[in-house]
Amino acid sequence: MTQDAAGAHDSSAQWRLSALLGLLAIAAAGASLVIGRTSGGPMFGFGGPDLAAIVLTEIRLPRTLLALLVGGTLGLCGAALQGLLRNPLAEPGLLGASSGAAFGAVIVFYFGLAGADSLMLPAGGVAGSLGALAVLYALARRRGDFLTIVLAGIAINAFAAALTSLALNFAPSPYAALEILFWMLGSLADRSLAHVALALPLMVPGWLLVIAAARGLDALTLGEETAASLGLNPRRTQWLVIGGTALAVGAAVAVTGVVGFVGLVVPHLLRGHVGHHPSRLLLPSFLAGAVLVAIADIAIRLMPPGPELKLGVVTALLGAPFFFHLIVRARPEGA
Amino acid sequence: MPSSISPPLLVLLAVGACQGAFAGPLPSVASINLCADQLVLTVAAPEQVLTVSWLAADPEESLLAAQAAKYPLNYGSAEELLRFHPDVVIAGAYTNAFTRALLVRLGYEVVALEPEDSVADIARNLRRVAQAIGRRERGEALVAELDAHARRIAARRLERAPATVVVRPGGFTVGEHSLADELMKLAGVRNVAAEQGLDRWGSLSMETLLASRPELVVLTGYRASQPSLANAVLAHPALRLLRESQQTAIVPGPYWDCGLPQSLDSAERLQQAARR
Chain A
982 MTQDAAGAHD SSAQWRLSAL LGLLAIAAAG ASLVIGRTSG GPMFGFGGPD
1032 LAAIVLTEIR LPRTLLALLV GGTLGLCGAA LQGLLRNPLA EPGLLGASSG
1082 AAFGAVIVFY FGLAGADSLM LPAGGVAGSL GALAVLYALA RRRGDFLTIV
1132 LAGIAINAFA AALTSLALNF APSPYAALEI LFWMLGSLAD RSLAHVALAL
1182 PLMVPGWLLV IAAARGLDAL TLGEETAASL GLNPRRTQWL VIGGTALAVG
1232 AAVAVTGVVG FVGLVVPHLL RGHVGHHPSR LLLPSFLAGA VLVAIADIAI
1282 RLMPPGPELK LGVVTALLGA PFFFHLIVRA RPEGA
Chain B
2 MPSSISPPLL VLLAVGACQG AFAGPLPSVA SINLCADQLV LTVAAPEQVL
52 TVSWLAADPE ESLLAAQAAK YPLNYGSAEE LLRFHPDVVI AGAYTNAFTR
102 ALLVRLGYEV VALEPEDSVA DIARNLRRVA QAIGRRERGE ALVAELDAHA
152 RRIAARRLER APATVVVRPG GFTVGEHSLA DELMKLAGVR NVAAEQGLDR
202 WGSLSMETLL ASRPELVVLT GYRASQPSLA NAVLAHPALR LLRESQQTAI
252 VPGPYWDCGL PQSLDSAERL QQAARR
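The listed protein sequences derive, respectively, from chains A and B. Residues are numbered in this note's numbering as their position in the first sequence, beginning at 1, plus a constant of 981. Residues are numbered in this note's numbering as their position in the second sequence, beginning at 1, plus a constant of 1.
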């Protein structure tokens, strides 16, 4: 039955959907470039010809690029992980990459290094993410099955979160603690092109690793044994996805903080449209993730005057209603 | 010899001398952190200030709310600040890390102030702000005033130091190496939490508080009218009983949250409460 349903979606559905999402992403990027925020609330345009160039290239362009790149990363990795673990609850945060990155960044904050150079913060995040991956690999290398990986990921998450809280307890100033807390909810405010340049060289190899696993992910839907009998090595697929995710998501979290919900919700939104081949979900999920985060970041700037809302709050606010809708719609089928 | 100087050269010399005395207009300044705002409002000439952060105009947060409300308020984003085009941006060392970096990248002079954990830190930050915005004399005058104020408080130090605990919202208290602790020492009260080895700041359980048998309880409120778990601590029945039997001083949060010349007034409050 599901096989038939999947068959009804030929691979061209993937490209049609991707084209549509691509157009949406371009529209969102365009809107993101012309919508700003001043003390008086949202502002359309650049506020004067003398400021236009600098506002566009130094403030809104990095912000827009990062929204697309980070959203795309979360969507892509969420789709790949849900395919790999054959579990609809999988998301990039599950492997400990996000919490590891957050911990690395918080440590940089704790030692007051963040002020010295704004790139220290993301660099700490990347180091934390790679550290979490190294621990995951050490824990799961021998057994290597999915269950071990998920359990190890949960353990790493809990441990990194505990270490983060510990660092908060020792924060040198109550204001530092407050800033850390905000940072962990994610934000794109005032990032510069230097942050794009820091994250992109790690994100691109991460994406490529995940994409290289596409065929293996399709084979894995038939079960590990069947996949192996088709001449595909499930272990290879597994480490491609996990390594790629840690790299790309680690770089993303390191620059923007933890942005929740995107990796979880985006693949679910699209699965009904492209069928159940994980490989066909990858590109649409990348694009939809980019659109979701770009729209969330635009929504932040459209709020009435006040301090900026955090990105993680808005992605959850935007994503959760879609999720409710999917659950309600799926109920008769499941029952 | 003087007669050989031609009139145009004389004019030039005169202009040069004037520029030496008044080195052009004062640099304009924007501030994006509550503590920096209040220091800027204290040190700067009124016409120098372009904008301060929104918290500075909130009387629950700021001692200079009325003064701050005269200026446009910012929420600390780079895009807002570009529109003010300040010569100098004053910020806090622990806040707006990304914004500060971006402003530096765009060529602005950004001064990041470390938190004030002592009276000496207040003097240091007054001087740093004064230096950055061309008000060195005003800065030195404020520091001299600050030192004199500290000496006046020390001269009236309490003869017998009462055991004192500070209860902040959320059950927090202050330990050694904090501004509040130094002001308590200056006033002549014993900070029980610091004697127990607490460093900077930390939480205080109701039981530890009672066991320390304080003679003076210092409450620092924060948005007392707005319900929060943090404020519920201040309404704990045990604390209420203690307040009935012991001396109480109330120090509003802004006196200790940022290090300002006015912070020293809190030491006088402690002395008054203990002498009551």
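Just so you know, the hints here were simulated from the structure itself, not pulled from any lab data. The beta-carbon is built from N, C-alpha and C at its ideal position, and this holds for glycine as well. Hints may contain errors.
[As the list claims (entries may be wrong)] Sample of chain B residues facing chain A (criterion: CB under 7 Å; computed from the structure):
#1 L74
#2 N75
#3 Y76
#4 S78
#5 E81
#6 L83
#7 F99
#8 T100
#9 R106
#10 L107
#11 E110
#12 V112
[What the hints assert, rightly or not] Reference listing, derived: stretches of chain A covered by chain B, where coverage requires no fewer than 3 residues with Cβ under 8 Å from a Cβ of chain B:
#13 1018-1026
#14 1035-1042
#15 1279-1293
[Claimed, not checked] The calculated label-pair distances, taken between Cβ atoms and stated as ranges, are:
#16 B:A164 <-> A:N1150: 23 to 31 Å
#17 A:R1122 <-> B:E61: 38 to 46 Å
#18 A:A1136 <-> B:A67: 52 to 60 Å
#19 B:R241 <-> A:F1151: 25 to 33 Å
#20 A:L1147 <-> B:R125: 55 to 63 Å
#21 B:I251 <-> A:P1302: 39 to 47 Å
How the hints compare with the structure:
A least Cβ separation of about 6 Å between L74 (chain B) and chain A falls short of the 7 Å threshold, and the interface hint therefore holds. With a cut of 7 Å, the hint placing N75 (chain B) at the interface with chain A holds, because the nearest CB-to-CB distance is about 5 Å. Checking Y76 (chain B) against chain A by beta carbon gives a least distance of about 5 Å; that is within 7 Å, so the hint holds. Taking 7 Å as the C-beta contact cut-off toward chain A, the hint placing S78 (chain B) at the interface holds, the least distance being around 6 Å.
Because the closest C-beta pair between E81 (chain B) and chain A is about 5 Å apart, less than 7 Å, the hint holds. Hint on L83 (chain B) holds. Least Cβ distance to chain A is approximately 6 Å, under the 7 Å limit. The beta carbon of F99 (chain B) is positioned within 7 Å of a beta carbon in chain A (closest approach about 4 Å), and the interface hint is therefore held. Residue-level restraint check for T100 (chain B) holds (minimum Cβ-Cβ distance to chain A is 4 Å; threshold 7 Å).
Annotation: interface hint on R106 (chain B) holds; nearest CB of chain A at approximately 5 Å, less than 7 Å. For L107 (chain B), the interface hint holds, since its Cβ comes within 7 Å of a Cβ in chain A; the closest pair sits about 6 Å apart. Evaluation of the E110 (chain B) hint against chain A yields a violated restraint, the C-beta minimum of about 15 Å exceeding 7 Å. Annotation: interface hint on V112 (chain B) violated; nearest CB of chain A at approximately 12 Å, more than 7 Å.
Given a C-beta distance limit of less than 8 Å, the hint that chain B covers the segment 1018-1026 of chain A holds, as 3 residues qualify and 3 suffice. With 5 residues carrying a beta carbon less than 8 Å from a beta carbon of chain B, the segment 1035-1042 of chain A meets the three-residue requirement, and the given coverage holds. Chain B is given as covering the segment 1279-1293 of chain A, and this holds because 4 residues of the stretch bring a CB closer than 8 Å to a CB of that chain, at least three being needed. At about 26 Å, the CB distance of A164 (chain B) to N1150 (chain A) agrees with the hint of 23 to 31 Å.
One distance hint, 38 to 46 Å for the beta-carbon pair R1122 (chain A) and E61 (chain B), is violated here, with the actual separation near 55 Å. Remark: the range hint 52 to 60 Å for A1136 (chain A) to A67 (chain B) is upheld by a beta-carbon distance near 54 Å. Here the CB-CB span from R241 (chain B) to F1151 (chain A) is close to 32 Å, well matched to the stated 25 to 33 Å. Roughly 30 Å separates the CB atoms of L1147 (chain A) and R125 (chain B), a value that falls outside the hinted 55 to 63 Å.
In this structure the supplied range 39 to 47 Å holds for I251 (chain B) paired with P1302 (chain A), their Cβ-Cβ distance being about 46 Å.
The structure does not agree with the numbered hints 11, 12, 17 and 20 stated previously, though it agrees with the rest.
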